[in-house]
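Participant: Add chains B and C to chain A, keeping to what the hints say.
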Amino acid sequence: MWIDFLRRAFMQAIPLLFGSTGEIITEKSGNLNLGIPGVMYAGGIGGVIGAFLYEQNAASINPFLAILIPLLCSLALSLLMGLIYCFLTVTLNANQNVTGLVLTTFGVGIGNFFGGSLVKLVGSDVPSINLNATSNYFRATLPFADKLGWFGQLFLSYSFLAYLAIVIAIVMAVILKKTRVGLHLRAVGENPATADAAGIKVEKYKYLSTCAGSMIAGLGGLYYVMDYANGVWSNDGFGDRGWLAIALVIFAMWKPNFAIAGSILFGGLYIIHNYIPNLDVSGQELFKMVPYVVTILFLIFTSIGKSREAQPPASLGLSYFREER
Amino acid sequence: MAQNEQKVKEPLFHIAKRSSIVWWKAWLIRLAVILVALMISGLVSFLLTKENPLEIYSVIISGAFGTERRIWNLMQNLAMLLCISIAITPAFKMRFWNIGAEGQVLVGGLASALCMILFGDKLSNPLLILVMVITSILAGAIWALIPAIFRARWNTNETLFTLMMNYIAIQLVAFFTYKFSVPKGSGQVGIINRTTKAGWLPVLGNQEYLLNILIVLIVTIGMFVYLKFSKHGYEITVVGESQNTARYIGISVKKVIIRTMLISGALCGIAGLLLVAGTDHTISRDTVAGRGFTAIMVSWLAKFDPIFMILTAFLVAFLDKGAAEVSTQFGLNRSFSDIIMGIIIFFIIGSEFFIQYTVKFRRKEEA
Amino acid sequence: MDNAHKGGVPALQLQNISKRFGEVLANDHVSMSVDHGEIMSILGENGSGKTTLMNMIAGIYFPDSGKIFADGNEVVIRSPKDAFKYRIGMIHQHFKLVDVFTATENIILGLEDNGKYNVKQCEERVKEIAGQYGFEIDPSRKIYEMSVSEKQTVEIIKVLYRGADILILDEPTAVLTPQEIEKLFAVLRRMRDDGKAIIIITHKLNEVMSLSDRVTVLCKGKYVGTVKTSETDEAKLTEMMVGKKISLDIERTEPKNVVPRLNVKDLSLCSHEGTEILKGISFTANAGEILGIAGIAGSGQRELLESIAGLLKAEGRIDFMSPGSKKTESLIGKTPRQIRNLGVKFSFVPEDRIGMGLVGNMDIVDNVMLRSYNNGSSLFLNRKEPRSMTDRLISELEIATPSPKTLVRRLSGGNVQKVLVGREIAADPTVLMVAYPVRGLDINSSFAIYHLLNQQKKNGVAVIFVGEDLDVLLALSDRIMVISSGKVTGIVDARTSTKEQIGLLMTGNAHEKEDSSHGAK
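Residue numbers (the numbering used here), protein chains in the order written: chain A, 1 to 325; chain B, 1 to 367; chain C, 1 to 521.
It is worth saying that the hints were derived from the structure and are not from the lab. Ideal placement from N, C-alpha and C gives every residue a C-beta, glycine not left out. Among the hints, a few may not be true.
[What the hints assert, rightly or not] Some chain C residues judged to face chain B by a derived CB distance under 8 Å, without partners named: (1) L311; (2) R340; (3) G343; (4) G357; (5) N361; (6) M362; (7) V365; (8) L370; (9) L379; (10) F380.
For reference, chain A alone in the conformation it holds in the complex (with noise of 0.2 Å):
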């Protein structure tokens, strides 16, 4: 049961760890995406869009490009997300949290529009979207995995793209905090007209690092669906879980190193309710606020401590425009 679990937590924490690692490098170049659920959707139904038509145009299934085509058409629908926030708010200096939200509706609308209509759209015969097949692919865990008992089970048998969490969120905690660009990327974040200054390009660092966050959080939404959900698209199934990426970038205090842990607990307090005894259903839904109450209180608590090392990024939410002292 404890094993069940915690495989269940982690493959909760997937979708959530991507989606933060993704907000964290946005946040620290000083753009607040309230975009992200919205990012999130987009990813998923751009997976969803390029392995249905690759299913429906492809004689048989090459197991490289099942994965390789909605992993590419997920990437470049988030990127376009985060084309549209950037050239919005970085560029035209338009508000941070309107563009966000609106991205927000916007991405969920595409998701939704799409995964409802695709079939129609193509003009396709199939009843609806099924992607087992390529789902197949993208659930493909070791083949060993099975035989190591409880080890295997806990550590080894996941897909590819949970294993990518794991590797992108630490290589983004030592880009953060080993190298020259994550030393310029959180300046940019912190005091812009200081990194403008010392001669950081900080509009490039915004664009880049926004993006790049959009591209990994959008692989949050693939994973969901293509693996958790085995390639089964339904409306609003992503539910609510961009908006917890995002508290848990608050929880993570902006580190993507700290944020794998904090989506595993998030992950288990997402579905703890399940593994309650004797809990009805209006309990569990009681238990599924506990993400968002541990969020505030962790956010009260370093504001009243005035933690430095917990704050967001000094400029975080405001635009930069270098005439303006």
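Facilitator: Just chains B and C now, with coordinates in the frame of chain A:
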């Protein structure tokens, strides 16, 4: 000086903040942008449906105004959206990013629904409605007060705080809908007091939405007057524009933040009441249906002016209804309207740049 | 200096540099040079164009005309990066540091070194530089844990790390304690001996004398001259710095019915960082008199006025002698609203006109009622009276505006100031405090403001006037209080004092003779 003949490469143009723009020019820019956005939306619709774009526009219009019923529906949607937009406006004017309207409305609605369920057969109808009004206002106000206190006292980030409060409200509603679900275990409360209609807001002149619309109209005008002519409204403007000036003339910034959020939350509570007791007569986690977020765009697009907000709320409600009709007519998914709305609002957001900034070309000055 | 001239070519030379900002000619054909192994002071009052000149060397501004030579070659400096290319580095008055970064991270920020990014290695290099010149620094400490002086050290090392040979320091001592100043000077001398060219902007004469080899003096944007420190003294420098006395045609009436109105005693204030901003300030402001306050910018003038107005919590005594009754009210520790509720009519024209005194995005009427909006018990605003008052101000003060409903930020500087001063005067004050009321205004607007202050004086108001132009202070005030680094260095009679006297007091030479009616000459 003549000797200064180095080849100086200065940028050809640069972006500068406009000091002012004539109001009609600003509106001309906005109008032009909306037209371009509509054309793009038409193009997108055409690509997706392969229908004549003109046909699509006419479906949008008939979807919004086609029948009397549709017009009333549009008015009702407009009213609810406007109500929430008005509610968050004082907070935004104060530069308090309250993105928790979704939750504040929802707890207001929840309070109404609980009163209807618990006291439906215990109190007389006028008394019940009075209790509902009080509890929904209180619920909304408290939901807004919590982040406000932390912001005023410890400068806790209100954007993230109010965002999280939304999901707590949603789970709270989910909890109660299971608790009181009809039939048991279905997770839905169904129409509350279907037979007795206890706690339903009265219907005026046979038009089920008329009361809602009138209340929202009063709230809108009230907010306009409050912001423009009251001392509180004046203080909100000063605090929003410059906390330093507020200090200089002796306004207590903390007090203004808390008071304004109480009002904002209370109005959200009223919106919840209107949604539950005046419209749906039920509650679910989707009762507010994202209006709390859409309202932010509506309020922001109107530059926080309640009267313009009628216009921007109308634009959004109209597009929503119209695009919904397009999706039914052409067998597309309901979310089509979200895409169209997204495109149009992206354009409007972008257009503000050209109103606030101007592109200046450098001219070589001879000394 | 023996190694002063490397082959006789100056490290940096400016020729006929001019720069204009709108109406103001900030630098008017300024020439100067600095050699390797030399400390050069740039001396001048506020607004004499020192910082502008240095910013052109550092690549912040671009000169309108003139030439810059580095090591004898003509160079064009368009950006801070260009400046570094010619080994020029500037330490600005306002530090450009990222608070949550360590010293080393700040120092290497923006450098695009090839090769691996290795903080340890960079820290070693920082330590090496620090050791070379005797800085005390912990390279892995975060900026937010540092004192002002440590932050300054980081800024200096940042410049050295980039290989600067010519260092420009903009008022580096303004924020330091005397002990820290001594340390800084020791470091600067060591750098000079190492062959670096150092330019230091200052207006403190004692520092000039103790530190520099040569001094270049600017006055109102113009180059006055360069002298060797060893061949001059403070009196001569003051004379160069303040320029010839210009007689201004400002009327000054004899004060009538002079009675004490505001008594400030031992007023002290500490900043958040714990540095003392005001150190035991005592003075009396009299009704029917203009008390000028002179001092170098940032000596505590702003904090003094804000403390009196109740915006900052200072310690000491502030007593108000009510004009009608003989009552004395203690104002210390009270908020602006509490002060007003006592019936004390303070008017205050702060240095930040838009941002403190006025709200740029509100129209004139709404700004005019900032002080009075809360009068009466009604929940609603009364715009009628403010509106008629606005109309009156517009016609009386000749405020140029399309309408009373025009946003204040659309008005020109002079008109903005007229709105602010007009509103504060219309409140019928008993004490009027004005900070730099004519900064950025043209001659006509300035005289309009002087006239208003004089009228208030005639009406029996106690006027406190913080100014920067000594000619104006001398012509307008009845008495002048001079403060330096948060301390009162003297209160003199404006009718008999000279610019030189005040200039000396401003630079921190407290003058002991209380009998101020006799000039020093």
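Participant: Starting from the hint list further up, note which numbers the structure goes against and sort them upward.
Facilitator: Of the numbered hints, 3, 7 do not hold.
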